[in-house]
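Asks: Working from the sequences, and respecting the hints, build out all of it.
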Amino acid sequence: MKKNLIFLSTFLFLTARSQQKNDSLNIALQHITKDTKFGLALSGGGAKGFAHIGILKMVDSLGIKVDYITGTSMGGILGGLYAMGYNADQLKSTVHKVDWNRILSNKIPYRKVNISEKDEYDKYILEFPVVKGFPTLPSSYIEGQYMGEVLNTLTFNAKHINDFSQLRIPVQLTSSDIENGGLIMQKKGSLPLAIRATLAIPAAFAPVYIDGKLLVDGGLDRNYPANEVREMGADFVIGGYTGFRLFTKKEIENPMKMIYQTHAIRSVEDFKHQKALSNILVDFVDPLGEITTKDFAKFRRIIKIGEIEAKKHLSEFVALAEAQRKAGIKYEHTLIEEVKLPTTKFTFNDEDGTPLTDATEIEVIKNQMNLEEGNYYDVKTVNEAIDRVFGMRQYVKVYYTYTNEGDGLVMNVFVKKAKKGAFKLALHYDNEQSVGIIVNYTYRNILMNRSRFLATVDVSERFKARLAYQQFLGKKDRWWFDAEAKIVHLKSNDLTFRLLNVSDEDANAKFPNHMYRNITGKIALNYNVSPNAFLSLGTEFNLERMYTLLDKVDQTKTDNYNKKLYNHSNFNTFLKFEQNNLNKRYYFTRGNHLQVSARLYYGDSYKLYDLSSVQPTLYAILNPEAEYYFKPKNFVSFTLNENFAYPITRRLALKANFFLGASLGSVREKQIPYLFLNEKYNLGGSEYNTELMNPEFNGLRQKELPTNSVVKGGLSLQYRVMKKFYIAPSFTYGKISDELSPFNNSFDMFGYALNLGYESLIGPININISRNNQLDFSRIYFSIGFKF
Numbered sequence: 001m002k003k004n005l006i007f008l009s010t011f012l013f014l015t016a017r018s019q020q021k022n023d024s025l026n027i028a029l030q031h032i033t034k035d036t037k038f039g040l041a042l043s044g045g046g047a048k049g050f051a052h053i054g055i056l057k058m059v060d061s062l063g064i065k066v067d068y069i070t071g072t073s074m075g076g077i078l079g080g081l082y083a084m085g086y087n088a089d090q091l092k093s094t095v096h097k098v099d100w101n102r103i104l105s106n107k108i109p110y111r112k113v114n115i116s117e118k119d120e121y122d123k124y125i126l127e128f129p130v131v132k133g134f135p136t137l138p139s140s141y142i143e144g145q146y147m148g149e150v151l152n153t154l155t156f157n158a159k160h161i162n163d164f165s166q167l168r169i170p171v172q173l174t175s176s177d178i179e180n181g182g183l184i185m186q187k188k189g190s191l192p193l194a195i196r197a198t199l200a201i202p203a204a205f206a207p208v209y210i211d212g213k214l215l216v217d218g219g220l221d222r223n224y225p226a227n228e229v230r231e232m233g234a235d236f237v238i239g240g241y242t243g244f245r246l247f248t249k250k251e252i253e254n255p256m257k258m259i260y261q262t263h264a265i266r267s268v269e270d271f272k273h274q275k276a277l278s279n280i281l282v283d284f285v286d287p288l289g290e291i292t293t294k295d296f297a298k299f300r301r302i303i304k305i306g307e308i309e310a311k312k313h314l315s316e317f318v319a320l321a322e323a324q325r326k327a328g329i330k331y332e333h334t335l336i337e338e339v340k341l342p343t344t345k346f347t348f349n350d351e352d353g354t355p356l357t358d359a360t361e362i363e364v365i366k367n368q369m370n371l372e373e374g375n376y377y378d379v380k381t382v383n384e385a386i387d388r389v390f391g392m393r394q395y396v397k398v399y400y401t402y403t404n405e406g407d408g409l410v411m412n413v414f415v416k417k418a419k420k421g422a423f424k425l426a427l428h429y430d431n432e433q434s435v436g437i438i439v440n441y442t443y444r445n446i447l448m449n450r451s452r453f454l455a456t457v458d459v460s461e462r463f464k465a466r467l468a469y470q471q472f473l474g475k476k477d478r479w480w481f482d483a484e485a486k487i488v489h490l491k492s493n494d495l496t497f498r499l500l501n502v503s504d505e506d507a508n509a510k511f512p513n514h515m516y517r518n519i520t521g522k523i524a525l526n527y528n529v530s531p532n533a534f535l536s537l538g539t540e541f542n543l544e545r546m547y548t549l550l551d552k553v554d555q556t557k558t559d560n561y562n563k564k565l566y567n568h569s570n571f572n573t574f575l576k577f578e579q580n581n582l583n584k585r586y587y588f589t590r591g592n593h594l595q596v597s598a599r600l601y602y603g604d605s606y607k608l609y610d611l612s613s614v615q616p617t618l619y620a621i622l623n624p625e626a627e628y629y630f631k632p633k634n635f636v637s638f639t640l641n642e643n644f645a646y647p648i649t650r651r652l653a654l655k656a657n658f659f660l661g662a663s664l665g666s667v668r669e670k671q672i673p674y675l676f677l678n679e680k681y682n683l684g685g686s687e688y689n690t691e692l693m694n695p696e697f698n699g700l701r702q703k704e705l706p707t708n709s710v711v712k713g714g715l716s717l718q719y720r721v722m723k724k725f726y727i728a729p730s731f732t733y734g735k736i737s738d739e740l741s742p743f744n745n746s747f748d749m750f751g752y753a754l755n756l757g758y759e760s761l762i763g764p765i766n767i768n769i770s771r772n773n774q775l776d777f778s779r780i781y782f783s784i785g786f787k788f
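Going by full-length UniProt numbering, the letters in the sequence shown line up with residues 1 to 788, in that order.
One thing to keep in mind: the hints can contain errors.
Below, simulated DSBU-like cross-link-like pairs (lysine-lysine); rule was C-alpha separation at most 30 Å, straight line [stated by the list, open to error]:
hint : residue 1 : residue 2
1    : 607       : 584
2    : 304       : 272
3    : 311       : 65
4    : 97        : 187
5    : 420       : 112
6    : 326       : 34
7    : 491       : 420
8    : 37        : 187
9    : 607       : 563
10   : 123       : 420
11   : 311       : 340
12   : 486       : 631
13   : 564       : 633
14   : 491       : 123
15   : 294       : 311
16   : 275       : 294
17   : 735       : 633
18   : 340       : 424
19   : 366       : 420
20   : 97        : 57
21   : 65        : 213
22   : 464       : 563
23   : 723       : 584
24   : 107       : 564
25   : 563       : 107
26   : 380       : 34
27   : 633       : 107
28   : 380       : 97
It should be emphasised that the hints constitute simulated quantities derived from the structure, not laboratory data.
Replies: Given below as structure tokens:
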């Protein structure tokens with residue numbers, strides 16, 4: 001009996017409340033006249049805000065007129081674009097097309113990175129700015145470079161409008177002054193920048209400077225701006241709320257949810273007051289359930305929920321539409337047409353609005369943009385110009401706004417300089433060498449402006465290190481000088497060594513491991529032909545050493561090994577052309593990477609240790625004075641390496657490779673040209689390799705088959721099975737020779753492989769199974785992480 005009374009009381013209360021709500025709406029509808037103004041208020045909620053599209057579809061389908069709009073965060077994006085004249089279907093299509101993974105990262109496409117910076121881009125897991133000599137946490141996770149590009153593209157038709165009341169529907173967007181506190185309503189200025197400000201979730205997206213104020217997401221002060229749309233002049237308010245829900249006592253045992261709750265309490269309390277100002281309100285909080293603000297990948301599901309929930313209010317929207325028609329109110333909603341005005345002036349500023357004063361810096365930016373005053377430029381051209389500036393990696397953010405001056409537009413370019421120092425980390429492992437931690441320190445403008453110094457160390461059993469310095473010259477950032485020193489210490493995979501016996505007396509014994517150490521020093525003068533291509537002229541010193549590695553067990557068994565096999569050094573002067581417009585460093589699907597080089601070798605210094613008594617076979621192979629060898633004079637090598645990728649479908653890409661390595665020099669009949677190891681082409685490896693002298697080949701370990709010349713071609717089909725998982729069968733065919741030309745006395749070699757790849761947070765993961773016709777066994781290669 002008691003339960004029945006409770007149920008009856010609850011039912012009567014809810015019925016009375018619903019009736020009260022309907023009565024209030026009916027009264028409001030009855031007072032609609034031709035002069036009644038209608039407002040639309042859309043809340044913030046991160047990814048949850050996609051649900052607002054359901055309301056906009058209802059408004060469009062019933063022909064409901066909206067006179068004013070306010071929006072916060074995602075509600076600010078949709079509200080701002082709807083105010084321009086986009087309809088709900090166009091906004092839904094836009095949400096589907098945007099690359100949300102890229103929006104939520106600080107990365108740009110590999111092809112947009114300047115060729116001078118490609119060597120270091122997308123190689124590390126973590127990056128920390130260095131302040132006063134110590135690594136620090138970044139001020140925010142996402143600077144929003146790509147987000148700015150998307151917003152500028154979507155709002156380009158309205159670039160000449162600096163007063164948001166002049167849009168198809170007047171709009172105001174919320175933001176919060178993070179420095180001084182308080183709600184700021186964005187009413188004028190740059191529409192994409194105002195949208196970007198209302199999206200700046202603290203600690204997730206970087207704050208935005210507007211008119212000297214540092215602004216963040218307006219949800220800090222007013223997540224659901226119903227009051228503000230009333231202040232604009234709205235008599236009747238339609239609202240959508242995708243904001244906070246309060247966690248239960250059990251849920252807030254999670255510390256992160258406890259922090260979230262402290263902010264949610266204030267917002268939920270404010271919503272109660274704003275809710276009372278709404279005539280039709282679609283509350284999405286409960287239907288969205290456990291969907292969070294960061295679930296951008298679930299946009300399809302969120303939009304669907306939004307459409308379903310909006311339809312639950314169909315009777316209210318229909319009643320409003322009928323009331324508007326009875327009052328003679330007409331629905332008109334069309335996209336603003338672009339006014340093609342010329343750009344009459346450029347300004348260059350720091351992010352906070354302070355004008356740049358360095359004349360050289362301004363000149364460099366101008367030259368990278370390559371835009372001239374007095375011309376009209378479409379959005380694609382402008383975005384590409386900004387990308388060229390950003391691709392130089394001197395700035396962590398580059399964006400632009402327009403100011404209308406009647407006869408033309410002023411384009412205001414803003415830059416946020418990168419911290420001078422950055423500390424970076426990466427992990428790696430492969431079953432052919434070792435596990436290691438790559439530590440990098442990069443410092444910009446250490447001696448002069450527009451310079452980069454870096455020091456990289458691979459802390460592992462196979463020690464590697466690199467020091468490099470580059471300096472741009474002149475005002476056009478075309479000429480640049482670079483110097484580099486590098487040491488690589490690796491286990492030798494040389495097939496010849498591995499197949500040799502210890503001595504003629506013990507045919508069953510095998511050589512122990514051999515270690516290869518290479519030290520190089522290089523200086524070069526480079527010229528950027530384009531952002532993705534350069535010419536390089538330089539000289540390189542190369543010192544290599546091979547020695548035997550005996551473990552403690554071997555050392556107790558024998559004392560007849562000389563650990564040192566040989567030392568060799570030489571110089572080469574090179575001319576190289578390189579073009580790289582691949583869309584990704586790993587698992588690329590479009591573009592090409594072309595490398596062409598000519599090298600003149602000279603200055604050989606060689607010491608072969610006395611191995612003749614203990615390792616005669618090895619000594620004969622390594623001795624350039626042997627009767628069957630001769631050392632070519634005036635030795636010049638020519639190398640060409642082209643990798644090409646073409647997307648057949650969204651998931652399937654065709655990849656092709658062509659490699660030619662040959663040399664010019666004197667020849668002798670019945671003698672083999674003797675080339676030192678750093679002059680040879682070291683075939684092997686199953687992963688795409690950008691080192692010009694080390695072409696990959698199926699069925700071989702890395703650098704397993706040194707040869708004097710080679711020509712090869714390869715085909716691969718890369719299929720994306722799931723979002724970040726790839727499968728790629730491949731076939732390679734080549735002609736390999738110990739002569740200077742691969743077409744003389746060569747043997748044929750072909751191999752096939754299957755590669756499984758995954759793009760993980762710690763770098764690419766690859767499992768490769770390969771085989772070739774020269775070896776009677778298969779190779780299995782496994783690697784994790786970024787390469788040195």
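Asks: Take the hints in turn and mark each one as holding or not.
Replies: Comparing the hints with the structure gives:
Between residue 607 and residue 584 the CA atoms are separated by roughly 43 Å; this puts the pair beyond 30 Å, and the hint is violated. Restraint check for residue 304 and residue 272: satisfied, since their Cα atoms lie roughly 26 Å apart, inside the 30 Å limit. Distance hint between residue 311 and residue 65 is fulfilled; the C-alpha atoms sit about 18 Å from each other, no more than 30 Å. Restraint check: the Cα-Cα separation between residue 97 and residue 187 comes to about 28 Å, which is no more than 30 Å; the hinted pair holds.
Using a Cα cut-off of 30 Å, the hinted pair residue 420 and residue 112 holds, with the two alpha carbons roughly 22 Å apart. Of the supplied pair hints, the one linking residue 326 and residue 34 holds, its CA atoms being roughly 9 Å apart against a limit of 30 Å. Only pairs whose Cα atoms come within 30 Å are accepted, and residue 491 paired with residue 420 is rejected, the gap being roughly 36 Å. Between the alpha carbons of residue 37 and residue 187 the distance comes to roughly 18 Å, so the proposed pair stays at or under 30 Å and holds.
For the proposed pair residue 607 and residue 563, the alpha carbon gap of about 14 Å is at most 30 Å, so the pair holds. A threshold of 30 Å between alpha carbons decides the hint, and for residue 123 with residue 420 the separation of about 19 Å falls inside it, so the pair holds. Proposed proximity of residue 311 and residue 340 is contradicted: the alpha carbons are some 40 Å apart, above 30 Å. For the hint linking residue 486 to residue 631, the alpha-carbon distance of about 27 Å falls within 30 Å, and the restraint holds.
As the CA atoms of residue 564 and residue 633 are separated by approximately 27 Å, the hinted pair is consistent with the 30 Å bound. Distance restraint check for residue 491 and residue 123: the Cα-Cα separation of roughly 23 Å lies within the 30 Å cut-off, and the hinted pair is therefore satisfied. In summary, the hint linking residue 294 to residue 311 is supported, as the alpha carbons are separated by about 25 Å, within the 30 Å threshold. Restraint check for residue 275 and residue 294: satisfied, since their Cα atoms lie roughly 25 Å apart, inside the 30 Å limit.
The straight-line distance between the Cα atoms of residue 735 and residue 633 is roughly 24 Å, inside the 30 Å bound, and the hint therefore holds. The suggested pairing of residue 340 with residue 424 is violated, with an alpha-carbon distance near 45 Å, which exceeds 30 Å. The straight-line distance between the Cα atoms of residue 366 and residue 420 is roughly 22 Å, inside the 30 Å bound, and the hint therefore holds. A C-alpha spacing of about 18 Å is found between residue 97 and residue 57, which places the hinted pair at or below 30 Å, so the restraint holds.
Of the supplied pair hints, the one linking residue 65 and residue 213 is violated, its CA atoms being roughly 34 Å apart against a limit of 30 Å. Between residue 464 and residue 563, the direct Cα distance comes to roughly 21 Å. Compliance with the 30 Å bound is thereby established for this hinted pair. Only pairs whose Cα atoms come within 30 Å are accepted, and residue 723 paired with residue 584 is accepted, the gap being roughly 15 Å. At roughly 46 Å between alpha-carbon atoms, residue 107 and residue 564 are farther apart than 30 Å, so this suggested pair is violated.
Our distance criterion of 30 Å between C-alpha atoms is broken by residue 563 and residue 107, whose separation comes to about 47 Å. Under the criterion of a C-alpha separation no larger than 30 Å, the hint pairing residue 380 with residue 34 is inconsistent with the structure, at around 42 Å. For the given pair, residue 633 sits about 48 Å from residue 107 by alpha-carbon distance, which is inconsistent with the 30 Å threshold. As the CA atoms of residue 380 and residue 97 are separated by approximately 17 Å, the hinted pair is consistent with the 30 Å bound.
Of the hints listed earlier, those the structure fails to meet are numbers 1, 7, 11, 18, 21, 24, 25, 26 and 27, in rising order.
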